[in-house]
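Chain order of the listed sequences is A and B.
Each number in the numbering used here comes from the position in the first sequence (counting from 1) with 263 added on.
Each number in the numbering used here comes from the position in the second sequence (counting from 1) with 3 added on.
Hints in this document: simulated from the structure, not taken from any laboratory.
Predicted model only: the values in this text are computed from it and were never measured.
Do not rely on the hints blindly, as some may be mistaken.
Coverage of chain B stretches by chain A, computed from C-beta distances (three or more under 8 Å per stretch; other residues unrestricted) [said to hold, decoys possible]: (1) 20-26; (2) 51-63; (3) 115-121; (4) 144-151.
Here's a subset of chain B near chain A, in silico, CB distances under 7 Å, partners left out [as the list claims (entries may be wrong)]: (5) 11; (6) 44; (7) 46; (8) 91; (9) 125; (10) 128; (11) 154.
Not close to chain B: a few residues of chain A, all C-beta gaps over 12 Å, as computed [to be verified]: (12) 351; (13) 460; (14) 802.
Every residue, glycine too, gets a C-beta built ideally from N, C-alpha and C.
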Amino acid sequence: MNKIQNLSRRNFVKVFGLASGGILLGCNISGNKKAFLPSISDRNSFAPNLFINIQKDGNITLIASRSEMGQGIRTSLASAIADEMEADWKYITVSQATGDEKYGNQNTDGSRSVRTMLEPMRKMGATAKKMLITAAAKKWQVSENNCIAVNHYVINTKTKAQIFFGDLVETAASLEIPDAKNISLKETKDFNYIGKTLKSVDLKDFTHGTAIYGIDKRIPNMKFAAIARCPVTFGTVKTLDSSTAENIAGVENIISMDRMIPPTGKFFGMLGGVAVIANNTWAAFQGKESLEIEWNLGENSNYSTQSYNQKISNRLQKNGKLVPGSRGNVAAAFKDSAQIIEATYHVPHLVHAPMEVPNAVAWYQGDSCEVWAPVQDPQTARSEIAHFFNLEIDKITVHVTFLGGGFGRKSKSDFVVEAVALSKEIKAPVQVVWTREDDIQHSFYHSTSTQYIKGSLDKNGQVSGWLHRVAFPSIVSNFKPLSDYASGFELGQGFLNNPYQIPNFRFENTKAEAHIRIGWMRSVIHIHSGFGINSFIDELAIKAGKDPLAFHLDLLGKDRIEEGKSDVPFNSGRLKNVLKTVAQKANWGRKLPKGHGLGLAVHYSFYSYVATVVEVSTHNEKIKVENIWTTIDCGLVLNKDNVINQLEGAAIFGMSLAMFGKITTEGGAIEQSNFHDYPMTRMKDAPNIDVTVINNMETAPTGVGEPGVPVIAPAICNAIYNATGKRIRTLPLTDHGLI
Amino acid sequence: MKTLSINGKEISIEAQDDMPLLWTIRDIVGLTGTKFGCGLGQCGACSVLIDGNLSKSCSIPVSYAEGKEIFTIEGSSDNLEFLREAWNQGNVPQCGYCQSGQLIAATALLDQTENPTNEDIDAAMSGNICRCGTYTRIRKAIHKAVELKTNSHE
């Protein structure tokens, strides 16, 4: 492919002739919104960055700049371009971009790929169509007004003559880029693919074992590595005896690795430890197991989640730090109230446990480095390599493989840094593979949270006051030591933007230190806010003697639109609408079979509106989730069946954390190690799942991958209360003998 | 030197007796469709058929599989092809990583049970974890595969 030059910022799309005779369109997506996470690195690039490649045979290659981890992004974004182009889907192939600033921000998290990239993708497709039409009009010597594009052809509406897209490539390549103001996008009613169902472009590979994930990457002379890391976060090697490991067949080398500490504010570094290099994965694993290491455990060795939780609970009994956003006078409301309710909710640490463990292939070659890895954020991986190994960024190539699940874990590129460090040391390509035990015990854990809520009802059963005191170790602790309070972006995930119309509202944040690496996991802090708020609303409704559905709707108040800080306004009417819709789907209020219960939850996250009703049954004091109804309003829907699949998956993910999710520590070490003690929802647990997607095609698209998760745990717990009268305030359900 | 029969092909390899079949297949033979998930036989990502029996290849030494017929996701059988088509029609996979193991487990199920009930599916498929949560689609797709197979005989 030709070297892409810097382009004028005025043009949205740029055309390049290709040596192969095809045309290539580049587009500027500088309109990308800033990430919801704190600025890990500045990527406000204005470089041209996304590409369509149309070949003379009519085949079109679209470059996917975001990582595919099961959310269907390769298919979704391609379909938007193809739709505006009037391309025939069968000619489309998708090629994966390497990590490079020229593509704009590639960080695949925050449920924002479609939200931020749909419009640029559509404009790019529309520009390509416009050029193909201009080319056809030129060939026929007719007005462009007499030409339309239909299914990979341009048709002359007067003569009915038609030309195949591929046959227009040569002429189109010689044209000037049309002015952006002459590009119009299709109307919703004219969509061929957007809003419809398209199968994944990768289905065949997924069903034949031919999709290449990071762990499947093979290059000649590649070695395999497993790394022993200190059970306590940031501990170091005191003594090492590797004599047994060295005698294992296939083991070639033992390498001590120091921790690489990230600079303040960015990157993830790596933990360090002892690596075993071998000629196959199994030998590396065995070698690692037989290392005899005495560790300097360091200061985190005092971390016991049991005593930590007690400490946090004690702190929550006193006032926390008042957070801006409070309103009214809570103390006065409590004083004048008819009823007071207090509750403390707790969610343990959680871990992502994607089916594909962290892994990476790296080949460090003196002044350059090539990496193949399942990364959500290839640009950060690339920048980390440049930083830690003092390489020029242009000499680093990060190939993004398929991700066997990500859920936030693969946003952190520590496993890539490990591979590069080892490749540099042994002067050969090497694949680092984590064992499942490594994955469970050395992750970036979802924060544990404890929240105290005190609410008051007035004599009419109306909520008059709400005090919310929250403590959880912050994600920011990764980037800045001593970040012992929650950050604004974390509290903005469902806590401070509590949508209920409560006249007196006070929010406090309580100190919570981090003693393990804290990271974000699918839906992040919304897991905590969704659980606490939906559980407490249910408790208030019961106390007020009201139906929870009516209580939610009443407390959400009149339909209103709040502009807020972002350019995506919050619309309480949409939140109420998903509630009403899901209630109708679940036939809320119906007479239930004996031992059954219904629970509901509603939550706004990643700018989308989701409500869920869960039906549980009880048998011999055990709970089974029988049915889940979920409704989402995510504005314009790009690929409908994919949205449904994501919401089904989110329900299962939410069930896993509600039923089983619990990471604990003792002496600073994680006590769980694999799927036997960190279990997952399985087929036998899987309920019927009914997903409704609100038809709202004229509204901008919002998040899909994450918003289905936060509602599940509270809806299950509310259903359990409905069925049994037992209130669950501490997750997971296994701790209550219910599973 | 060992000889393995994988998907009907004889392959000669050098591997220690106690190397798990999974790593032999992936790192020595070079077929990477069979996945590593846990190493304890807990998640089913490494599922293969050995003489037609569903097996967790991460927990079986290669020596056990010598002289037996090994079937992996790279292979083909009537039931696997109907399942693939059903997976396709139902748009089942998300990340796809566990689907090799899911399809092999479903093949083993259909090889033994012509028309499985939901209970049969729960029993046969609960050894395979899908972290993306595609279970309801897998369940429907197994029923669909039976339907496709039945229709193909008519």
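Going down the list of hints, with the structure as the test:
With 3 residues carrying a beta carbon less than 8 Å from a beta carbon of chain A, the region 20-26 of chain B meets the three-residue requirement, and the given coverage holds. With 0 residues having a beta carbon nearer than 8 Å to a beta carbon of chain A, the region 51-63 of chain B misses the requirement of three or more and the stated coverage is violated. With 0 residues carrying a beta carbon less than 8 Å from a beta carbon of chain A, the region 115-121 of chain B misses the three-residue requirement, and the given coverage is violated. Counting residues of the region 144-151 of chain B whose C-beta lies closer than 8 Å to any C-beta of chain A gives 0; at least three are required, and the coverage claim is violated.
With 7 Å as the threshold, the beta carbon of residue 11/B stays out of range of chain A, its nearest partner Cβ sitting at about 16 Å, so the hint is violated. For residue 44/B, the interface hint is violated, the least distance from its beta-carbon to any beta-carbon of chain A being 10 Å, above 7 Å. Hint on residue 46/B holds. Least Cβ distance to chain A is approximately 5 Å, under the 7 Å limit. The interface hint given for residue 91/B is met, as the beta carbon of that residue sits about 5 Å from the closest beta carbon of chain A, less than 7 Å.
Here the hint on residue 125/B is kept, as its CB sits about 4 Å from the closest CB of chain A, short of 7 Å. With 7 Å as the threshold, the beta carbon of residue 128/B comes within range of chain A, its nearest partner Cβ sitting at about 4 Å, so the hint holds. Given hint, residue 154/B at the interface with chain A, is violated; its Cβ is 20 Å from that chain's nearest Cβ, farther than 7 Å. Non-interface status of residue 351/A relative to chain B is upheld: no Cβ of that chain comes within 12 Å, the nearest being about 19 Å off.
Annotated as non-interface, residue 460/A brings its C-beta within 12 Å of a C-beta of chain B; the closest such distance is 7 Å. Chain B leaves residue 802/A outside its interface by the beta-carbon criterion, the shortest separation being 29 Å against a cut-off of 12 Å.
This entry does not satisfy hints 2, 3, 4, 5, 6, 11, 13, going by the numbered hints stated previously.
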